[in-house]
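Chemist: Since the structure of chain F is already known, use the hints to place chain P on it.
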Amino acid sequence: MSDIAARVKKIVVEHLGVEEDKVAPEASFIDDLGADSLDIVELVMAFEEEFGVEIPDDAAEKINTVGDANKYIEENAS
Amino acid sequence: MRRVVVTGLGLVTPLGGDVETTWSNLIAGESGIGQITHFDASDQKCTIAGEVKPADHAWGFDANKRVDHKVQRQVDPFIVFGIDAAGQALEDAGLTEMDDATKLRAGCSIGSGIGGLPGIESESRVLAEKGPGRVSPHFVHGRLINLISGQVSIKYGLMGPNHAVVTACSTGAHSIGDAARMIRDDDADIMLAGGAEATICPIGIAGFAQARALNTGFNDRPTEASRPYDKDREGFVMGEGAGVVVLEEYEHAKARGAKIYAEVVGYGLSGDAYHVTAPHPDGLGAENAMRMAIRKAGMEPSDIDYVNAHGTSTMADTIELAAVRRVLGSDLGGASMSSTKSAIGHLLGGAGAVESIFCVLAIRDGIVPPTLNLHNPDDGTEGVDLVPLTAKKREVNAVLNNSFGFGGTNASLVMKRVD
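Quick mapping for you: the protein sequence lines, in order, are chains F and P. Residue numbers are given in the UniProt record's numbering: position 22 of the first sequence equals residue 22, and the series is strictly consecutive. Residue numbers are given in the UniProt record's numbering: position 293 of the second sequence equals residue 293, and the series is strictly consecutive.
Everything labelled a hint here was simulated from the structure, so no lab data went into it. Mixed in with the good hints there might be a few duds.
[Stated by the list, open to error] Simulated coverage check for chain F against chain P, where a stretch passes if three residues somewhere in it have a Cβ under 8 angstroms from a Cβ of chain P:
1. 15–27
2. 34–41
[Said to hold, decoys possible] Here are some, though not all, of the chain P residues that point toward chain F, as calculated from beta-carbon distances under 7 angstroms:
3. H69
4. K70
5. P137
No experiment lies behind these values; they were computed from the predicted model shown. The beta carbon of each residue, even a glycine, is placed where N, CA and C say it ideally should be.
Looking at chain F on its own, in the form it has when it is part of the complex (with noise of 0.2 angstroms):
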């Protein structure tokens, strides 16, 4: 696992208190991870906070599970 991927998931198991091999990068947050659009808004803040990386709310939008999230921060993270 990178090491985005990793500290990823540590946020995820932290904010949404979910076992961590629930975190694959296939889970949707909202329909196997629990979450709700606040949670997501949250996950997203959290991110940005971590890497350092501005998430607009159109590219926010398209993060639907913990892949996609790896998958923005890897291209977009200076």
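Modeler: Only chain P this time, still in chain F's reference frame:
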């Protein structure tokens, strides 16, 4: 008329994370007051408080027992305390599994005096330091006072009245009184009722200290600081926690064979119409609330065996006592009166509910909790049993609980044993 009884109890206090730990410590004369650990209080005028103890303490509170991890992260501590106390009360009443028809007739009336002050304080810092884009999306609903009732209703599926009282330090008593009326008026058969508070944070301590309400002279002797009726009292000590009861319509409780602790028979409310923080010097508002509660109960003042006083360890203690004397008689008609704030501090919006639970337990066990640190009773207390220093065994069939709040708001409850 529909009668209202208490069938479940839940407590989170500086003396314990549950009812029996709190009560046994209270009766043993323990104090829950100590140095503030929630934050560095070294620059505050007051450095002491009655904090709820961490889970690894013998009297500790474990939030993980009944409150989801995610909810704990999103909401202020007063909501966590409230959810847990409500869960305890439902478990005690045997009502954790209700069918849909019962849930439609089960509601919540759990309030708070101030609400999520620590979270307002900390998110204000985030706003100032990092900008609006970093404020938590859970900021508002994690701080709102009615979100104990909201969270509890969601967790347990309670679809009856959803209400939250905000009357400063009278909140807990008003919550129980209002909820009892909802059952009497046939809005519900079951109500979770009570109050919670958690404002031991820099702005909370500073605010009350600046209002000259907090104790500031006992920072080196925290367990001696809350001393209602004592000559050396000089301000209240802030506490935190929650108290929630299950109120239930009497026939409903009887039909399911529920354990019945007591009946809520009288509720009195009044306003001082005098000053924002100081009570009326003649205690007229307090007197009116007590008289109304006893009248509504259809009882005589002489029926009261125990008074759980508002008694905050301020100058107002003797004003309340004079009012109680006018209502019950100069010797209180033989009733005992104590202030349990001497042991746990002042739980503000939680106080009236926590103290109502102490009243119910006094009926159950035939013992009244003590007023700690009462070594030199003030002038005007002569001839009254204020239960100094140690708990006292006595028969208790009917109780009067007083709560008064900033703004000059007063609430009194009368509860009695059900034969």
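Chemist: Taking the hints in turn, state whether each one holds.
Modeler: Hint by hint, here is what the structure shows:
1. 15–27: holds (count 3)
2. 34–41: This one holds; 4 residues, not fewer than the three required, reach chain P with a Cβ under 8 angstroms.
3. H69: At about 3 angstroms, which falls below the 7 angstroms cut-off, the nearest Cβ of chain F leaves the hint on P:H69 intact, so it holds.
4. K70: holds, 4 angstroms
5. P137: Given a least distance of 4 angstroms, the restraint on P:P137 holds.
Checked against the numbered hints above, the structure breaks none of them.
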